[in-house]
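Chains S and D supply the protein sequences, listed in that same order.
The first sequence runs 0 to 136 under numbering that gives the first Met the number 0.
The second sequence runs 0 to 493 under numbering that gives the first Met the number 0.
Read the hints as simulated data drawn from the structure, not as lab findings.
All C-beta atoms in this analysis are idealised placements derived from N, C-alpha and C, irrespective of residue type, glycine included.
Certain hints may be false.
No farther apart than 20 Å at their CA atoms in a straight line, the calculated lysine to aspartate or glutamate pairs in the EDC-like style are these [to be verified]:
hint, chain 1, residue 1, chain 2, residue 2
1, S, K1, D, E354
2, D, K101, D, D350
3, D, K140, D, D350
4, S, K2, D, E220
5, D, K249, D, D289
6, D, K295, D, D242
7, S, K106, D, E220
8, D, K101, D, D242
9, D, K252, D, E220
One-sided excerpt, in silico: chain D residues whose CB lies under 7 Å from chain S [claimed, not checked]:
hint, residue
10, I170
11, K290
12, M402
13, L426
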Amino acid sequence: MKKGNIISLLIFIVFGAMMLVSTFTTFDKGLESALFPLATGTLTVVLSTALLFKSRDENDKSEDDAGHAGILGIFGLIFGFVLAIKYISYLIVIPIFACCLLYFVGKMNLRSIAITVIVLEVFVYIVFYRLLQISII
Amino acid sequence: MEYYQVLLSSIASVFTIEVMFWLFCGVLVGMFFGLMPGLAGPQALAMLLPLTFTLDFTHALALLIGIAGSATCAGSLTSILIGVPGTPINAATVIDGYPMTKQGKAGMAIGAACTSSALGGIFGTIVLLILLPYGFNLILKFSFPEFFAITMLGICMIAFVTEGSFLKGLIAGVAGLAMSCIGFDPFINYPRCSFGISFLWDRLDIVSVVIGLFAIAEAIELFRVDKDQTSVKANYSLAGVFDGVKATFKNLKSVLIGSLIGTGVGIMPGVGGGVAQFLAYSATVSTSKDKSKFGKGDVRGVIGAEASNNAKDGGSLVPALLFGIPGSVDTAILLGAFMMHGISPGITLFDKNPEALVTIIWSLLMATVASVILSIFCAPYLTNLLNVPKPIIGTAVLILAVMGIYVATNSYGDIILAFVIGLVGYLMKKNNFSRVCLIIGFMLGNIAEMNLRRGLLMFGLQGFLLRPLVIIIFLVTAGLIVLNIRARKVGGLS
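Whole structure, please, built from the sequences with the hints as guidance.
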């Protein structure tokens, strides 16, 4: 079975299990409140586990993306971007993020990167800061 | 009659410069997203949904419907000119459209695609207009058990008609239902399933989920496309386009078949255009006397497929406007806009916001016609957009997605949530788990639970076992389940 499939199913199993565990705290508020999350959490765990066992013997030779270096690079940059916008102005973080993404992951040339970053920055400034009056500085 | 009187009296509120402006913006954005392989209407809707928070509701609807009504038509250009579907629901157009380009008949194919799109879109809108009053009368007979039964029908449908593995679709749908339980219990106002995180008390935001699943996941994928993008140049004549228009009117049977199938499939929750296009194509082939040219550049193949694509837009709005059940991803996001503006679908929409209904119907009609006209005359220029490198588009989508979430929610937590869901959405996409099932399950979960608990309070279990309409809906659901299981078994054997 593809590694990506296993990871996806494990995510669903963990999510379902967390839903199940968290419903135990609502039982004292009444069964009605816990019924729906309990049923859906249980179904998620059961179905995902069933598919995991059903597919474990399948021989899937298709491309497996789970460990692709480019994807990990994108995830890392996104993580950094999301952290940075909490503490630094959007107008500073956006061009840095765009440059890094286009240079390291997109492998674009510097001219294209410069044009893209300038256009994006101007667009964000005009549309969000000026037109929509959103505080992004 | 009262329904049509109310609609006519609300028309003045729709034909304003502001509504036309936002509709035109939506058409342009929808055409851009429809043209680019890897992007489609749902991604455009997801990205612009948070921006509609700052707009008046009718303006927001005009923008969103403009996108939904135009993306598919633009997607056909890419299918015909370069053999790559601009949107997933233009895949069937490639079968005969691209061979026509190779034979020097690109103009004819584009003319036929655009004309049949327009006719199919008009057909779907007329069906919507006709069915809504009957639907409103019907839902007056509905109470909580009936609405619960309808949502169960919708949930079962999405799992059974999903492409790929049925079990994967079911897992995604059920996970979506579970996600809808996170947050305050609507009856006892007590947080549940929030995993000790107070941010989650206020339920998962629909904007974050939609943007994460459809915009962010697709943007990540754009960085993984082949670097060798060959330059695209559209080369066709307007004279050829009018041959295509004439061919469409000579083959109205194909238009009708495609439109009927598209509208019917659109009405069924969760099915979407992906199924409609191939059903319409197959039906067009089956009902033709001369089948020899299909797959080698038969204009009827283009006509049937494209008519169904736009007809499904009107059909998918029927369950969405009547019951709040999305018939497709586009309508799921549209319902998200309803929720953002505090408007409920159903009979209250007609009573309190008739101008919203009028805006939807007329916007759909005008978006279809506008995108057809723009596609015919601007295709040579629009196709230059195909030469924009995908990483640039991916970067723009990611940044605009973040800005969009911030505009709608003003919450850093929702940005993190969207990216987490985006990563999960990417994994789902790569491993053939249906994101459509997840988003529809997420949207229907709250409706299903509310109606289940209210129904039990008001009628007890009897309400779900003895009411005639509930029995009929459950029987229809059971019948469809059996039919689908048998169809899958036969498909597996063959």
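task = Report the numbers of all earlier hints that the structure fails to satisfy, in ascending order.
result = Going through the list in order, the structure violates hints 1, 2, 9 and 11 and respects the others.
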